[in-house]
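Asks: Chain A is already provided as a structure; the job is to place chain B on it using the hints.
There are 2 protein chains.
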Amino acid sequence: MPYILDVDGVICRGSKPIVEGVKAVKLLIDRGEKFVFVSNNSTRSRRMLLERFRSFGLDVSEDKIIVATYATSIYLKKRYGKLKIFTTGEKGLIDELKLAGHEIVDYEDAECLVVASNRNLDYNLMTKALRCCMKTDIYVATNPDKIFPGWDGPIPGTGMIIGALYWMTSRMPTVVGKPSEIIMREAIERLGVKEEEVVVVGDQIEVDVVAGKKLGCKTALVLSGVTKQESLKDLSEKPDIIAKDLFQLVHELL
Amino acid sequence: MPYILDVDGVICRGSKPIVEGVKAVKLLIDRGEKFVFVSNNSTRSRRMLLERFRSFGLDVSEDKIIVATYATSIYLKKRYGKLKIFTTGEKGLIDELKLAGHEIVDYEDAECLVVASNRNLDYNLMTKALRCCMKTDIYVATNPDKIFPGWDGPIPGTGMIIGALYWMTSRMPTVVGKPSEIIMREAIERLGVKEEEVVVVGDQIEVDVVAGKKLGCKTALVLSGVTKQESLKDLSEKPDIIAKDLFQLVHELL
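Quick mapping for you: the protein sequence lines, in order, are chains A and B. Under this note's numbering, the residues of the first sequence are numbered 2 to 255, in order. Under this note's numbering, the residues of the second sequence are numbered 2 to 255, in order.
Excised from the complex, chain A in its bound form (with noise of 0.2 Å):
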């Protein structure tokens, strides 16, 4: 059974692993299982997350990885050609975005602007951000997420942004990251098949299974993430099947 599997929550929280996490991943690996990672995380390339798979003893291919930076570069790509591009992003964006083909520029040059999460985040930053978002005719950004876990409380994540540009421009962005669309048509188109064969998994109901579920696909939530057992009885939304996590789930549906 073909699997898009989140990363965060799922086979580590921040850079630890979740032992079942990965322990699940080898098995389907050794059982010759298709699936694809489709991450929110919007600070990291591809290549950071290889790397942080590898040091979880996980060795995976670059096409089985789709991070909301290579989306949004990709996406981009596909519907605009080769653009150029202001972002408030990190170094994991501007390297995707480059691969892909496209500029990186101050605003005053940019014909679209990127929006995504910065941890070196200021005022002069979000100045520029606004001023861009004023003139540009395309404005994406990687993902909506508003809060993230962080190590001693909750933090910032994209979705402050987006906020803060909304409240001064009244101007949303094309949002690539889950649960939008665009991310999981991507993914969907990676593995090759129906949308109703394959299972969503993840540990946030808002992000991970309301996008399986606008495909059609089946989903499943982990309770290794954010999810926690004591907040079943207030789900938003059912997924088809709950597991404590990844490794659990994967046993029950082979």
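A few of these clues could be false.
Remember, identical chains collapse to one label, so a pair may be satisfied in a single copy or spanning two.
Unchecked claim - Derived BS3-like pairs: lysine-lysine, alpha-carbon spacing no greater than 27 Å straight-line:
{"#": "1", "residue 1": "K92", "residue 2": "K24"}
{"#": "2", "residue 1": "K136", "residue 2": "K229"}
{"#": "3", "residue 1": "K245", "residue 2": "K229"}
{"#": "4", "residue 1": "K129", "residue 2": "K229"}
{"#": "5", "residue 1": "K24", "residue 2": "K83"}
{"#": "6", "residue 1": "K17", "residue 2": "K129"}
{"#": "7", "residue 1": "K234", "residue 2": "K136"}
Worth flagging that the hints you see were computed from the coordinates, not collected in a lab.
Replies: Relative to the frame of chain A, chain B by itself:
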């Protein structure tokens, strides 16, 4: 006739005086007219504004200045007493909060979040503001302004932070600055007159004219700031008087 006078766009543009505005205030002083300045500036204390006025050759007393930093500090003091406050703001705001008897603390210890513009804003400060917003009962903003005209283009105001936090937490602050009644009631009280006797003067419809109308004051728009002659046909609210600058206005009303 008692006046409530906006500062930026009426008396000065940033640190540069508007000659007609300065001349008009001198005329009001000479004639013994009652007036008070009401400014949405969220980074300057009364003392900083006084120093700016002195650099224009204007000698006014501190009790004639109600700036959003000060208005926020005394609003909180009158309503809640002395508070432990975490603020996103700059030194000018911190000075006024301390003068009113509040204590400035980190977000973990705060019982109140005060949001205000900060040109040194960064990801760390936004993270603290987010965490504070998720826990404090009291949440206020010095002013609602979304965008300001900077010397080389638009720059984000306090509203950017309000929008970002609203997007992440669905929470809106109590706003002190114009067009809020909070700062306007303070000004009316300071003048010691009835609302309908007062002329509220400013360069922005949504800020100054709306604030004046809410209280039943007379309203005057001057064209020495952000509102230009050519946009007069599209005004969302009609002021009672429109004048080129404060000097022309005062001359007509004397």
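Asks: Look at each hint and say if it fits the structure.
Replies: The hints, checked one at a time:
Neither within a single protomer nor between protomers do K92 and K24 lie at most 27 Å apart by alpha-carbon distance, with minima of 30 Å and 53 Å respectively. In the homo-oligomer, the alpha carbons of K136 and K229 lie at most 27 Å apart only across protomers (21 Å), although the nearest pairing inside one protomer, at 43 Å, exceeds that limit. In the homo-oligomer, the alpha carbons of K245 and K229 lie at most 27 Å apart inside one protomer (9 Å), although the nearest pairing across protomers, at 63 Å, exceeds that limit. Taking the shortest alpha-carbon separations for K129 and K229, only the inter-copy value of 25 Å comes in at or below 27 Å, while the best intra-copy value is 39 Å.
In this homomeric assembly, K24 and K83 never come within 27 Å of each other (Cα to Cα): the closest approach is 40 Å inside a single copy and 56 Å across copies. Only between protomers do K17 and K129 lie at most 27 Å apart by alpha-carbon distance; the minimum there is 24 Å, versus 34 Å within a single protomer. In this assembly of identical chains, K234 and K136 lie within 27 Å of each other by CA distance solely across copies; the values are 25 Å between and 45 Å within a copy.
Against the hints set out earlier in the document, violations occur for numbers 1 and 5.
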